[in-house]
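Engineer: Each chain is listed here by its residues.
There are 2 protein chains.
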Amino acid sequence: MKQTIFFLSDQTGITSELLGQTLLSQFDSIEFVTQTLPYIDNEKKALEVVELINRNAQENGIRPVLFSTLVQPEIKAILHHSQALMLDVFEHFIAPLEQEFKIHSSHRVGKKRTTEDKKAYDYRIKAVNYALNTDDGLSIKQYAKADIILLGVSRSGKTPTALYLAMQFGIMAANYPITEEDLENYELPTWALQFKDKLFGLEIDAKRLQEIRTDRRPNSRYSSQQQCEFEVRQIKKLYTKEAIPTIKTTIRSVEEIATKIIAKTNLKR
Amino acid sequence: MKQTIFFLSDQTGITSELLGQTLLSQFDSIEFVTQTLPYIDNEKKALEVVELINRNAQENGIRPVLFSTLVQPEIKAILHHSQALMLDVFEHFIAPLEQEFKIHSSHRVGKKRTTEDKKAYDYRIKAVNYALNTDDGLSIKQYAKADIILLGVSRSGKTPTALYLAMQFGIMAANYPITEEDLENYELPTWALQFKDKLFGLEIDAKRLQEIRTDRRPNSRYSSQQQCEFEVRQIKKLYTKEAIPTIKTTIRSVEEIATKIIAKTNLKR
Numbered sequence: 007m008k009q010t011i012f013f014l015s016d017q018t019g020i021t022s023e024l025l026g027q028t029l030l031s032q033f034d035s036i037e038f039v040t041q042t043l044p045y046i047d048n049e050k051k052a053l054e055v056v057e058l059i060n061r062n063a064q065e066n067g068i069r070p071v072l073f074s075t076l077v078q079p080e081i082k083a084i085l086h087h088s089q090a091l092m093l094d095v096f097e098h099f100i101a102p103l104e105q106e107f108k109i110h111s112s113h114r115v116g117k118k119r120t121t122e123d124k125k126a127y128d129y130r131i132k133a134v135n136y137a138l139n140t141d142d143g144l145s146i147k148q149y150a151k152a153d154i155i156l157l158g159v160s161r162s163g164k165t166p167t168a169l170y171l172a173m174q175f176g177i178m179a180a181n182y183p184i185t186e187e188d189l190e191n192y193e194l195p196t197w198a199l200q201f202k203d204k205l206f207g208l209e210i211d212a213k214r215l216q217e218i219r220t221d222r223r224p225n226s227r228y229s230s231q232q233q234c235e236f237e238v239r240q241i242k243k244l245y246t247k248e249a250i251p252t253i254k255t256t257i258r259s260v261e262e263i264a265t266k267i268i269a270k271t272n273l274k275r
Numbered sequence: 007m008k009q010t011i012f013f014l015s016d017q018t019g020i021t022s023e024l025l026g027q028t029l030l031s032q033f034d035s036i037e038f039v040t041q042t043l044p045y046i047d048n049e050k051k052a053l054e055v056v057e058l059i060n061r062n063a064q065e066n067g068i069r070p071v072l073f074s075t076l077v078q079p080e081i082k083a084i085l086h087h088s089q090a091l092m093l094d095v096f097e098h099f100i101a102p103l104e105q106e107f108k109i110h111s112s113h114r115v116g117k118k119r120t121t122e123d124k125k126a127y128d129y130r131i132k133a134v135n136y137a138l139n140t141d142d143g144l145s146i147k148q149y150a151k152a153d154i155i156l157l158g159v160s161r162s163g164k165t166p167t168a169l170y171l172a173m174q175f176g177i178m179a180a181n182y183p184i185t186e187e188d189l190e191n192y193e194l195p196t197w198a199l200q201f202k203d204k205l206f207g208l209e210i211d212a213k214r215l216q217e218i219r220t221d222r223r224p225n226s227r228y229s230s231q232q233q234c235e236f237e238v239r240q241i242k243k244l245y246t247k248e249a250i251p252t253i254k255t256t257i258r259s260v261e262e263i264a265t266k267i268i269a270k271t272n273l274k275r
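Taken in sequence, the protein lines are chains A and B. Mapped onto my numbering, the consecutive letters of the first sequence carry residue numbers 7 to 275. Mapped onto my numbering, the consecutive letters of the second sequence carry residue numbers 7 to 275.
Possibly wrong hints are sitting among the right ones.
Identical copies look the same in the list; a pair holds intra-copy or inter-copy alike.
[Unchecked claim] With a Cα cut of at most 20 Å, we get these calculated DMTMM-like pairs of lysine to aspartate or glutamate:
#, residue 1, residue 2
1, Lys51, Glu262
2, Lys270, Glu54
3, Lys132, Asp142
4, Lys254, Asp128
5, Lys204, Asp153
6, Lys125, Glu248
7, Lys8, Glu54
To be clear, the hints were calculated from the coordinates, so they are not data collected in a lab. Since we're looking at a predicted model, the values are computed, not measured.
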């Protein structure tokens, strides 16, 4: 039998989802079915959710678990009538914070937009555009503006990592594919010499690289075991020779790669 | 005086950060200085963090607040000796879950990688590549594979939204710029007729659009008040005429735009 989990929010649901998944990952012998219910911001929607939860409880025969970041007391009151186990993030942490700060919280849904928020938003969009404009070795002349320049062989995860750094943290991340020619001579491309402190190398296992490349271009030299092993071996030597900091992308998610890079450099989140 | 906040994690820190920021947004009269400390996964790092926290408490004269998603008891024990108010997400929610599921949690840092995780990861990367390959009207011949096709005038937020849908939710999102010619005749481009159920329109205020375009190309026809007002007005009429669902991007973050689109369509997160 599968355990049903609901992630509930009056906003995007991302916090509730992430928190819930973090906690559920501690129970890997249980099979979970999850559903996110965002923007539950009025009583009508809340009542519909209660109905959905109770139907699920009945059909499934197992009490569902509910992670909630709901803020409004009247909406929460309705949800407390559902048959689920309700884990209320807001309720538990807001009281100690009120006590600590010696003021009442606003109980308002959503953040008040400030000029700071708009600036941060504009900056993230700018960073995403920068990552796109400098993807895969494009526009080297814009490298002076980069916070970081990711290096790696084709399909080692450069583009998603650069985009995530930009989208999540507003970091200006360019990425550049190291070519076979560079690899044969263990030489950095000439542009790289003036930006050495911005370089960061991605590493990947040859086997995993072969898998990814085969999916893209099967039975090619590009996806052959020999070629993948050669490129992986050579780029490692190049990183060592040039003392470029590196990270292994093989078994990591984009989130982990990006945050590890930030931790290993002096970049600001 | 500013209140210092630490977001602490033995992993990426993203959950701790998001949860903390959600809660802090309820106290908008206080000025916060936040710092994220990810990958605190051994005792040495934990001791360094305690030192950092205590130094901050002393210099600042205000007790810092600590949001923690730490899992390992021995690491947490060290942190409990700091001078901060520690809000321990793990501690509070893991007990009711253990009771509900009638098993002990693993107390292991990080998720066990499963084949499912790898598949989900591959799917997200595939979606990111799809969004890149179909950005700004590229590769219309790949639209059959799209889960959604975002429409909008230039600089209305199509690209970041498509990338976020792909990165966060593995949704195959293409995007297409509606041109002036389309706008003059209130006509959808011909390719759109066979994909009408995938279309989703982005709207933006003329004033905000002008701001964004001015940043990019000041004193041009493209960024003029008249042109921005014309495009915004005409595209609204086009959406109405063709009964295309829409969302306003003006005052929203990428996260909100993306999750609202998911909520308004039948896309799966």
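Engineer: Now look at each hint and say whether the structure bears it out.
Structural biologist: Results of checking the hints against the structure:
Taking the closest pair of Cα atoms, Lys51 and Glu262 come within 20 Å of each other only across two copies (18 Å); inside a single copy the shortest separation is 35 Å, beyond that limit. In the homo-oligomer, the alpha carbons of Lys270 and Glu54 lie at most 20 Å apart only across protomers (16 Å), although the nearest pairing inside one protomer, at 47 Å, exceeds that limit. Taking the shortest alpha-carbon separations for Lys132 and Asp142, both the intra-copy value of 18 Å and the inter-copy value of 16 Å come in at or below 20 Å. For the identical chains of this complex, Lys254 and Asp128 are inter-copy neighbours only, at 16 Å across copies versus 31 Å inside a copy, given an alpha-carbon limit of 20 Å.
Taking the closest pair of Cα atoms, Lys204 and Asp153 come within 20 Å of each other only inside a single copy of the chain (7 Å); across copies the shortest separation is 37 Å, beyond that limit. Proximity of Lys125 and Glu248 under a CA criterion of 20 Å is satisfied in neither setting, with 37 Å inside one chain copy and 34 Å between copies. For a Cα distance limit of 20 Å, the shortest separation of Lys8 from Glu54 qualifies neither inside one copy, at 22 Å, nor across copies, at 42 Å.
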